[in-house]
Amino acid sequence: MRSFAVLAAVVPAAMALPTMAGLSISGPDTLSSCSKSTYTWTLTYPPYTLSTYDYSHSTGTPSLLDEPVVIPSHASATWILDVQPGRNISVMVVDAKGNSAETYPRVVGVGKVDCLAQTWVPLPR
1 MRSFAVLAAV VPAAMALPTM AGLSISGPDT LSSCSKSTYT WTLTYPPYTL
51 STYDYSHSTG TPSLLDEPVV IPSHASATWI LDVQPGRNIS VMVVDAKGNS
101 AETYPRVVGV GKVDCLAQTW VPLPR
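The sequence shown runs 1 to 125 under my numbering.
Since the hints were made in silico from the structure, they are not lab data.
You may find that some hints are simply not true.
Once the Cα atoms are required to be at most 25 Å apart in a straight line, the calculated DMTMM-like pairs of lysine to aspartate or glutamate come out as [stated by the list, open to error]:
| # | residue 1 | residue 2 |
| --- | --- | --- |
| 1 | Lys112 | Asp66 |
| 2 | Lys36 | Asp82 |
| 3 | Lys36 | Asp95 |
| 4 | Lys36 | Asp66 |
| 5 | Lys112 | Asp82 |
| 6 | Lys112 | Glu67 |
Kindly generate the complete structure, drawing on both the sequences and the hints.
The structure is reproduced here in structure tokens:
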């Protein structure tokens, strides 16, 4: 199960107000299994819901990897990437008004495998 940890200091009230019309999210360019990955997004309308999607399926339709996580007011979250190497994943953020932004899908590289729920078996190519 994925768990995001909020990595933001207390945000002053003035900074918590919307500062721009668009919501955007950014994350690491490379991903490795069982490594920390930090995502940041623009402050718009809290709370924010983070979801992870798997684009590895041949159907072309992404599937939700886990239950969405709600972040009350911060603009940053980190998680231990407990996703099997070879998966093509993205992270989406949705604010309280329904605005959304998503990272480009990235293939998870082989890192550690001790955090994975099951024995790791390489995905077929």
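Results of checking the hints against the structure:
Under the criterion of a C-alpha separation no larger than 25 Å, the hint pairing Lys112 with Asp66 is consistent with the structure, at around 20 Å. Annotation: proposed proximity of Lys36 to Asp82 holds, straight-line Cα distance about 9 Å (limit 25 Å). Note on Lys36 and Asp95: the hinted pairing holds, with a Cα-Cα distance of about 23 Å set against a maximum of 25 Å. Restraint check for Lys36 and Asp66: the C-alpha separation of about 17 Å stays at or below 25 Å, so the hint holds.
For the proposed pair Lys112 and Asp82, the alpha carbon gap of about 9 Å is at most 25 Å, so the pair holds. Between Lys112 and Glu67 the CA atoms are separated by roughly 23 Å; this keeps the pair inside 25 Å, and the hint holds.
When the structure is compared with the earlier hints, no violation turns up for any of them.
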